[in-house]
Structure formats: structure tokens, C-alpha cells
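First to last, the sequence lines map onto chains E and H.
Taking the working numbering, the leading residue of the first sequence gets 1362, the next gets one more, and so forth.
Taking the working numbering, the leading residue of the second sequence gets 40, the next gets one more, and so forth.
Honestly, the hints are just simulated from the structure, not real lab data.
Note that the coordinates shown come from a computational prediction; the quantities given were computed from them, not determined experimentally.
Glycine residues also receive a C-beta, built at the ideal position from the N, C-alpha and C atoms.
Please note that a few of the clues may not be correct.
Here's a subset of chain E near chain H, in silico, CB distances under 7 Å, partners left out [claimed, not checked]:
id	residue
1	Ser1513
2	Thr1608
3	Leu1614
4	Gly1626
Lysine-lysine pairs mimicking DSBU-like chemistry, simulated, CA-CA at most 35 Å apart [as the list claims (entries may be wrong)]:
id	chain 1	residue 1	chain 2	residue 2
5	E	Lys1544	E	Lys1399
6	E	Lys1399	E	Lys1423
7	H	Lys148	E	Lys1578
8	E	Lys1591	H	Lys148
Footprint (simulated), chain H over chain E, 3 or more residues, beta carbon under 8 Å [as the list claims (entries may be wrong)]:
id	region
9	1400 to 1410
10	1462 to 1475
11	1504 to 1512
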Amino acid sequence: MQTIFQVGAGSGGMVVLDLLCREPSVGRIALVEPDVYKSHNVHRHYFGNNEVGEPKADLAAKWVRQFRPDLDLVTLPFDLLDRERQGEIESAAAECDVGVCAVDNEAAKYHFDALMRMHRRPWTLGEVLSGGIGGWVHAFRPGEACYGCVASHLQRSVTTDNSPPPDYTNPGGPVETTIPASKAPISAIASLHATVTLGLLSGTAPEFTSLLMPLAKVDGLFAEALRVHKFRIPRSPECLICGEHATPAGEDLDVALDQALARLGHE
Amino acid sequence: MGLLDTEAGKRRLLCVEIPAVERYNEGRDPDFKVQVMRGGSALTLRYRLKPCHNVYMLETRLHSGYPTVPPETRVVTPLRHCPHLLEGQTLCLWRQGSTRDSSRWDPAKFTCVFAIQAAWRWLACYEVWHETGEWPLPEAK
């Protein structure tokens, strides 16, 4: 039986979770999802209006149990970056066979990458492009390119759909400049994300680090829809995120840091 | 998350950022060396720059989420209101998704010293703008 550590059960993460939980080889899933289901989620999610107000983690658990009552689903209904809960998050990371990242903020992606590297676990990441014109699926393996190497290599010349949901309680608030994707492209990219994850679980490593799937023809960006681009991005020896440095640990690290900061404070 | 309260954050500081600042300071006039101050969960770099004619006092703040969150630089010396200047005399230096290397903060490649260099370039532009009314670099795309 295999264990998955997933972060995010939004419109894309829920599709990934649904597809992974149906695999008989998956016996345990730890899911990090702090959000509450809101009315603006309804048109892109599996759940209806009568579920508005419930924690997404609880809804995800109910969904999974319909199909896999035997599956051990552990919900962690707090933020991945919550300082107070890092012990639980690290345990979940240490126990998994594969990590699945389905969040759309950069800080969480870097943090998930750090957790997976610390425990030497492979992981996958799905990203839907603004307006649902396409998306990325990335596969990371221990010792290979980290998220920092990949983000740096790709230069992030197109921004991912990280727009917050519309705030109907604040009609005079800032206007969104990114276009939200609709359910079909989100599900298409999430299905690819799940497929790549299952490949890693079965030990079949994909021959790419990053897969770009255009879902629409966009002048100056995508010449053709549904023509997959695959990239094998190497680990960058100069990467400041995954570069290895000999450092003291624990209290010695604190002492060394205090000394260095004191030195620079009195320059 | 956790520049000063996680192992990863502390290691980044000790092995990457502090050596970069020390190299920057090496042999530099004492008035122009970078000082590093700790404040809560963030670090502040204080320094002077002289891009052309004038000396400016600046602060670059490394927030708790650094390096994922880009450093934030403000000019302490009073400036005239000008393009690319945000509230509190904070410099508009980074644009998410920019294809121009110098306008896109890259935590895998840059240290806080890159933010100092970016501030120097911004101030050089400011002095040209002050003289001519034209900002000499195009908008980041």
C-alpha cells in the first residue's frame, strides 16, 4: 500500500485527489487544506451550494470515502506554512511515497519543495495558466532539479492562475487582472497531474521534468492547442535553493548566525 | 517562511546571504558598507549608495518569507515623487513573470546584494530623470 501527501484540494487538487484515491495501490493519503468551501467555488468544484461553509478538507474526506471507505485519509486542515503545525506536516512528508502539490502560491510551492527534498521524496506539481489556456505538470525527483531550478530555468514568463477568488463583500476593492480558468481546463491539467503522479508511484519515472500542455491557440504564445512540450531541466549547480552547503546544525547554527549578524551589525 | 526561525532560513542566511554581504563590504569605504539589523522575524540591510552626484541612505528589508518573497527596498533620503516609486519611498524593482532577468526576482539565483545593485540602478535612473524628465530604462515587461 502506498502513501500520498497532498497539499491543496481546490478545483484542481480535488480532481487529482479523486483520481488518485481510486487507485487500489493507494492505501493512505494525508491532505493539507485549510480553506472553507465558498459560494464562488461551486461552478468549478465537485460540491454543491448546500455544502457552502464546510471545510474543504471535510468535503474532500467525504468524497473519498464514498469510493474508498478502506482508504486511510488523514486531513490536516491548516496552512502548509503554519509555523505551529510544522511537526505534523513534516511527519506527513516523511511518511509519504509521493508528494502532490496542488496550490497556487509560490511560497507554498517552495516550502513543499523543501519538505520533499529534506525527506528525499519525489513529488509533482500542477499549475493552470491564467484563463485556462493551458497548464504545467512538473515531476521532481530526489537529487534532481528542485522547484527553484525549474522556476529559474523557465523564467516564469507566463504567470500561473494565482488570482484570489472574487471578493463580493468588497465591491470597491482591487480589480482582478488575471482571468480565472473554467472547470474543463482545470480538470484537464489536473488529470495529467494525477497521471504523472501515478507514474511516479509505479516507479515509472517520466522522461521530463516539466510538461507544458497548451489547451488553446494563443497568438505569440501557443501556435497550436494540445501540442505537448516536454522539458528535461537539469539541476543547476549554482542554485541557491538546493545547493548544498556544509553548515553547523541546531544550537551551533544559531550561535554561528548570531556571531555573523553581530559582525555585520557593527560594520 | 521562517528566515530566522527555520533551519532552512538560517542556513540560507549563514551560507548564502551573509557571505555575499561580507564580499560586498570587503575593501569598501566604511560609510558605504552594509549594516545588517535583526528586527522580529525580518532582517534589515542599511546602506548608502552614490550612483552619480548624490549620496542616498537606503534600507532593504528581508521579510520572514525571504527569499521566496522578494526583498523590499526603500530610500530613506527624501526624494521627489517620480515614476517607479511606491508608497513610503519603496522602489518598484520587481515584476512577477517579467522576461527581463534584472526585473524578475529569482530566489534560486539572486542574493540580497542583487537587490542593492538593483537599487543602485534605480537611483541612477532617478538622477537622469531628475535632470531630463525621462526615465532612461523601459518599463519591465
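Comparing the hints with the structure gives:
| no. | hint | in the structure |
| --- | --- | --- |
| 1 | Ser1513 | holds, 4 Å |
| 2 | Thr1608 | holds, 5 Å |
| 3 | Leu1614 | holds, 5 Å |
| 4 | Gly1626 | holds, 6 Å |
| 5 | E:Lys1544 / E:Lys1399 | holds, 16 Å |
| 6 | E:Lys1399 / E:Lys1423 | holds, 17 Å |
| 7 | H:Lys148 / E:Lys1578 | holds, 32 Å |
| 8 | E:Lys1591 / H:Lys148 | holds, 23 Å |
| 9 | 1400 to 1410 | violated (count 0) |
| 10 | 1462 to 1475 | holds (count 5) |
| 11 | 1504 to 1512 | holds (count 4) |
The structure fails hint 9 only (numbered hints given earlier).
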